[in-house]
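Turn these sequences into a full structure, and let the hints guide you.
Protein chains in written order, with the numbering used here: chain A, 1 to 195; chain B, 1 to 195.
No lab work stands behind these hints, which were simulated from the structure alone.
Simulated DEER-style distance windows between Cβ atoms:
(1) A:G27 x B:A72: 20 to 28 Å
(2) B:T54 x A:G27: 32 to 40 Å
(3) A:K144 x B:P57: 44 to 52 Å
(4) B:T88 x A:Q89: 47 to 55 Å
(5) B:G45 x A:G111: 29 to 37 Å
(6) B:Q68 x A:R41: 21 to 29 Å
(7) B:G167 x A:K144: 37 to 45 Å
(8) B:T88 x A:T55: 47 to 55 Å
(9) A:G167 x B:G45: 23 to 31 Å
(10) A:R41 x B:D2: 14 to 22 Å
(11) A:G164 x B:P135: 33 to 41 Å
(12) A:R172 x B:G45: 20 to 28 Å
(13) B:G167 x A:T51: 41 to 49 Å
Distance condition first, Cα-Cα at most 20 Å in a straight line; then the derived DMTMM-like pairs of lysine to aspartate or glutamate:
(14) A:K119 x B:E169
(15) B:K119 x B:D10
(16) B:K119 x A:E170
(17) B:K119 x A:E169
(18) A:K119 x B:E170
This structure is a prediction, so every number in the text was calculated from the model and none was measured.
For each residue, glycine too, the CB sits at the ideal point set by N, CA and C.
There are 2 protein chains.
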Amino acid sequence: MDCYCLLFADYDALDLMGPVEMLQHAGASLHYVSQHGGLVRSRAGFEVMTTALTTLPAQALLLVPGGQGTRALVQDAHFLQALRQWVTQAHTVLSVCTGAALLAATGALDGLRATSNKKAFAWVQGCGPQVLWQPRARWVQAGKFHTSSGVSAGMDMALAFIAGRCGLEEARRIARHCEYLWSENPQDDPFAAPL
Amino acid sequence: MDCYCLLFADYDALDLMGPVEMLQHAGASLHYVSQHGGLVRSRAGFEVMTTALTTLPAQALLLVPGGQGTRALVQDAHFLQALRQWVTQAHTVLSVCTGAALLAATGALDGLRATSNKKAFAWVQGCGPQVLWQPRARWVQAGKFHTSSGVSAGMDMALAFIAGRCGLEEARRIARHCEYLWSENPQDDPFAAPL
Numbered sequence: 001m002d003c004y005c006l007l008f009a010d011y012d013a014l015d016l017m018g019p020v021e022m023l024q025h026a027g028a029s030l031h032y033v034s035q036h037g038g039l040v041r042s043r044a045g046f047e048v049m050t051t052a053l054t055t056l057p058a059q060a061l062l063l064v065p066g067g068q069g070t071r072a073l074v075q076d077a078h079f080l081q082a083l084r085q086w087v088t089q090a091h092t093v094l095s096v097c098t099g100a101a102l103l104a105a106t107g108a109l110d111g112l113r114a115t116s117n118k119k120a121f122a123w124v125q126g127c128g129p130q131v132l133w134q135p136r137a138r139w140v141q142a143g144k145f146h147t148s149s150g151v152s153a154g155m156d157m158a159l160a161f162i163a164g165r166c167g168l169e170e171a172r173r174i175a176r177h178c179e180y181l182w183s184e185n186p187q188d189d190p191f192a193a194p195l
Numbered sequence: 001m002d003c004y005c006l007l008f009a010d011y012d013a014l015d016l017m018g019p020v021e022m023l024q025h026a027g028a029s030l031h032y033v034s035q036h037g038g039l040v041r042s043r044a045g046f047e048v049m050t051t052a053l054t055t056l057p058a059q060a061l062l063l064v065p066g067g068q069g070t071r072a073l074v075q076d077a078h079f080l081q082a083l084r085q086w087v088t089q090a091h092t093v094l095s096v097c098t099g100a101a102l103l104a105a106t107g108a109l110d111g112l113r114a115t116s117n118k119k120a121f122a123w124v125q126g127c128g129p130q131v132l133w134q135p136r137a138r139w140v141q142a143g144k145f146h147t148s149s150g151v152s153a154g155m156d157m158a159l160a161f162i163a164g165r166c167g168l169e170e171a172r173r174i175a176r177h178c179e180y181l182w183s184e185n186p187q188d189d190p191f192a193a194p195l
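What follows is the structure in structure tokens.
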């Protein structure tokens with residue numbers, strides 16, 4: 001499977017690298033892309049080399065992290081237009097934390113169940129008033145969209161995605177390999193937002 | 001606090017980025033360094049820009065990830081000589097997974113308690129026969145060295161380090177912020193190596 005990891009200025013490091021770790025062990029081919037290509041700086045200050053994303057190939061996964069940088073991007077019409085196109089092309093879309101706010105701002109999640117970071121939940125809801133936001137969910141699958149809660153929840157979501165694609169035992173093998181205590185139940189959300 | 005993140009070819013993404021995420025939220029200034037500088041490729045295929053590390057400043061933390069790339073580096077006398085110097089200069093050294101094998105290969109851990117990835121434990125032990133390797137430990141502190149088990153254990157170790165430096169409540173705040181279920185007890189090791 002080909003996974004396109006979408007980087008942007010001030011994305012959150014672990015939002016991206018948690019799922020990257022799990023997908024790598026599932027044999028995914030990982031591509032690091034951005035709107036314009038070149039070095040992209042995370043909120044944690046490291047710069048990763050990216051290629052400019054134009055068109056996603058058939059069967060591609062799109063991985064969208066969150067982070068401080070989403071605050072500017074939900075106002076960026078050019079970025080959202082491009083993202084809407086990539087989301088339409090993607091076979092599967094995975095988002096972590098406030099990455100769901102970017103998806104919501106394109107309208108792609110309208111009428112679908114989704115979740116996001118619980119501390120930023122009110123802001124995320126405002127980015128997509130027609131989305132069926134779930135305040136108590138470690139992650140949510142709705143059609144081709146897999147949205148997860150804040151930061152660390154991306155690892156649980158990625159493992160659940162792998163379980164669906166490659167089988168539960170493969171996901172558990174990867175969790176053990178990473179010495180990670182996988183929270184297998186998406187309803188088990190110790191950080192649920194107040195209703 | 002200044003934290004120097006030591007990158008090398010084929011390091012493990014989450015080994016590095018898990019602790020980076022936690023240290024970032026504790027206000028650390030993060031520096032991405034390598035032996036020779038330039039772009040360094042992780043095992044997950046992304047390239048991060050680094051500066052060449054010469055001398056660590058006083059009070060510096062040194063963060064050493066593990067990963068496939070350690071297999072070559074434990075044979076690399078030039079690298080080990082440089083690492084030994086950085087370890088001596090560092091105020092505090094944090095290692096994740098097989099990063100401890102690199103520290104052990106310099107001799108710096110001789111006579112000290114340490115831990116590492118549990119699946120690679122026999123190999124790691126061979127890299128430092130004089131180290132007091134702990135087969136059941138999520139992480140271990142011995143003097144200025146904080147060594148952790150495989151991959152995900154680096155996040156637990158980083159939070160414990162932050163708790164020691166900034167207080168338990170600050171570490172718990174960061175874990176909550178990252179929606180991370182911090183395993184606070186270093187003896188609680190579900191992935192312990194067979195004795």
